[in-house]
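Going down the list, the protein sequences come from chains H and F.
Read in order, the letters of the first sequence correspond to residues 1 to 713 in UniProt numbering.
Read in order, the letters of the second sequence correspond to residues 1 to 287 in UniProt numbering.
These aren't lab readings, by the way, just hints derived from the structure by calculation.
A couple of the hints might just be wrong.
Computed beta-carbon distance windows for the label pairs [to be verified]:
| hint | chain 1 | residue 1 | chain 2 | residue 2 | range |
| --- | --- | --- | --- | --- | --- |
| 1 | H | GLY554 | F | LEU193 | 29 to 35 Å |
| 2 | F | ALA190 | H | ALA538 | 46 to 52 Å |
| 3 | F | PRO23 | H | ARG12 | 42 to 48 Å |
| 4 | F | GLY247 | H | SER597 | 37 to 43 Å |
| 5 | F | VAL124 | H | GLU168 | 36 to 42 Å |
Simulated coverage check for chain F against chain H, where a stretch passes if three residues somewhere in it have a Cβ under 8 Å from a Cβ of chain H [to be verified]:
| hint | region |
| --- | --- |
| 6 | 43-54 |
| 7 | 144-151 |
Computed from a predicted structure; not experimentally measured.
All residues carry an ideal CB built from backbone N, CA and C; glycine is no exception.
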Amino acid sequence: MAVSDPYGDPSRALWIALGVLLLVAVVATAGAFAADPEAAAPSPVPYDDVVELGLSSETDALMTGSARIPRTQVFYSQLQYVVGYNGVESFAAALEDGQTERQFGYPIAAYVETFDDARPETTETGLFESESGGEWTPAAAALYVVESDARSPAGETIVPFRERGAAEAFAADHGGRVVDWETVRRLSFDTDSAATVRAMAPARWDAADGRIAAAERRADRPVSVVVGEDAPTIGAAVAAAPPNTTVVVPTGTYDETLTVNESVTVAGEGARIRGDGNGSVITVRAPDVAITGITVAGSGGQTRDPEAARAGREREGESEVWDTNIQLGYGHGDAGIRAIGAPGLVVDDVTVEANASGILLREGSHAVIRDLRVNGTEEWQDGFMGITGMQSRVTVTDSRFEGGRDGIYLHRADGSVVRNSTFADNRYGVHLMYTSDALLADNAFRDELYAGITVMTRPSGNAIVGNDVRNSSAGVQASGTRAYIGYNTLVGNELGFSTSSRGSLYERNVAANNDLGARATTVVPSSRVVANDFVGNAEHATAGAGALRVWADGDRGNYWEGANVGPHDPGERAYRPTSPVDGALHRHVAAVAVRESPAVALLDRLRGTVPGARSGSIIDPAPAAAPYSPDRLDAALAPNAGPARADWRTELADQRGDRDEDAAMNARHRNATGGGIGPETKRVAAETASAGAGARTSVIDAHTAATEGAADA
Amino acid sequence: MTGPLIGVATVFRRELATVVRTPGYGVLAVGLLAAVGGLLAAGGGGATGFVPAIVDLLLPTEALVPLAAVVLGYRSLLADGASGELAVIRTYPVRVGEYVAGVLLARTVALVGVVGAPYAAVGVGVWLTAAPDTGIFATHTGIDSPLLYLRFLAFVLLLGAAYVSLAAAVSALAANRRSAIALGVLALVAGVLGGDLLLLRSLGAGASPATIPGSLALTPNGAFRGLVFEHVIGVAFAPEGEFIATGRAVGSLVGWTLLGAVVAGTALAYGSQVDAAIERVRSGIGD
């Protein structure tokens, strides 16, 4: 044989084969160096398939009309997913930001939506619109109209065009000037971020103080009618009372249902109003009504109205069916107190024994609610929400919600504040849909069936601060963009919190004794997770599909119990909660011996390089030596201790004007609510369901998403 | 074929036969495949693409490839000398240079098999298995391509060739098998750690960091690492700056290979005369 007998003359065929092989090897190697791996620019993909970062497209203004935000899609050198940005300015701001490049590499290709043939215009309110979607054009080849009168819900918007003629025509109609890509990149943009939301949290608290004080003044009116003395029933008393006076309801039980059509205060002195089991007990249809000191019982048990949903669907057409269903259906059930188009409602020291909703607010019934107690049904399927707020901004403080479906359900209720309240045995404690710029602070949640706090759809700018959730399926699950989730204490839940919100800030949370401390969900990481404490969880953290998550801010990481076990200085060694060895450190000392093996040490060293190209795990390059919030940790671990309290208002006030590195991820975006449930459901389900070890909770997520959609269809 | 080439070809074929008939080298290749494949499986870089795979492999490669090369080379010239076969070969019309060239070529081909094949197999594995975590979203490869892995493979073989040649020089200098092992280990440690320690020391002594791209290229490991950063991993970062002077680094790797060959040839050609001289000196001292 030729190979085993090198002394024999090799056959001609073998020579040729060897020669060809050598030639191929040489050519291939030469080719590998001659070819430029950057040269092949990928083609644009359908926008539905990109992973969106930054500005949300789910604003009311955009969803209800033909308005658009010019979109961008970007292929980064180290990231396998295509990233989409709403607004050219979002992308330009991201390029300015060092974080993006460290995490994803540099853009190898970027396309913007150009509107040459799409008949670009502006709406009556100045929003940019076009008859059809634009075409994808390489960003560097497009021309941009800046400083025109076209706006997005976030502010000025840049409109891209492929041809100069079209751009100039648009500029002639709408003002502004035509510039190239390099110029756009040099412009600076007014951006908001999760850090802005953090800085605003204390201000929202103060604003709530102001609203409560104003409500107190509003409710304090001279007495005009006393029920039993001046009028036989409360209904008659309210009808007889002049505006801006008080109807006094003495102690006793009153069997009636009533409608308030005047701006009066109904002041009970331990009175009990009992309905007849049909419809709502008290209906408010006037502004600035106050209801105090009463107990309400005996409403009907209808939780929503399928007729209203159907009628609304026919009126609005088939678009946004899901959202319409919720708005009309959820907003038309029975309640203890129901307010329709009644801004300035004050509810103080009221108890509702709820068969459906406790309080239902609809059509701009902005309300201040203090010291409300809602006792819901034993089984959540039988009842409804403690407070249902549809398009009504609520301010809730010092209240208590037990049983029923959700403690508080808010739908398009931007700017709401829920604080200092207690929730127990609900399905969800607080449940936000399409609700932005809210503050949920210093609440306590116990034994919640699905979650303490959940935020669905993709709202922006919510602050979830200082809450204490225990013994629930999940602590905080907030999706959206630009959220601030800080100073929460999450103990003994199946899941502490999930990082489902994009471009957001998760800091100073304590996750203790949960089955799973935290779960990383979004496929493309864009949030900062730092200075959280993880202690005593069966698993500290798991990650779903997607690029490597780096949970640190420079050299400041999180505190992980077990991370610093072993012969090295605290914080010196990176910690990977998703690795089987690191993840066991706080439970089994023997894991230390494995961790110190050369093989593990070797592999540890280069982790975190090319993070965007790595998959499915979490790394903390600088685990902290000591907990960030030792006091709250003690309170969390102490048996029978009350809710842990964080002094976040003082600490955040001190931090105002702090650094703001992630600004670029979040170009300005105010009043964002709304959303198409279609593609988003698909994504949310995919992102949550793929979260490895969180299988049990993700089943709940999927189930919830399904019920939310199906129950109201 | 002309005279010298026939000599080289004959020695080459004889040496290749020796390599093929040494089962230990097969075991070495399998071991290397297990080590490289295992590191990649445990590191997880291979699951997403070539660049993270190379990042995971870079550090172990700097130790494993020189080790394999030294194993291939440390006895290559010593064995014939010790057994007396070299003396027999010298009775044929084969010059020392032809003999050394033939042996080194054969050992380098062996390196391609023992080191190149496992790395290539791992590369094919990455090619077949690397995929994004989820198919819900549109994906692309980013800056990641088999070509980058091919570049990495070329650098691995260049590094290995330098060490084979240096190990052969060691084997020519060694008096017996034990000293060959000792010298081989010394060359390995000096190569893997020594160069970078010297560089560190010179920086500590006040050398300008601007000299790093040049001085890093001087040692085989530094040149290899720099080339991988410059032409493989660095491509995925923003294209600016220079990790290493490319020409100098390639020149350095080739230079170390040639240096090894020249030292080996010189040692074989003049080794006996040196020995004799030493013996004379020693006997002179003894008198």
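| Hints violated by the structure (listed by number, smallest first) | 3 and 5
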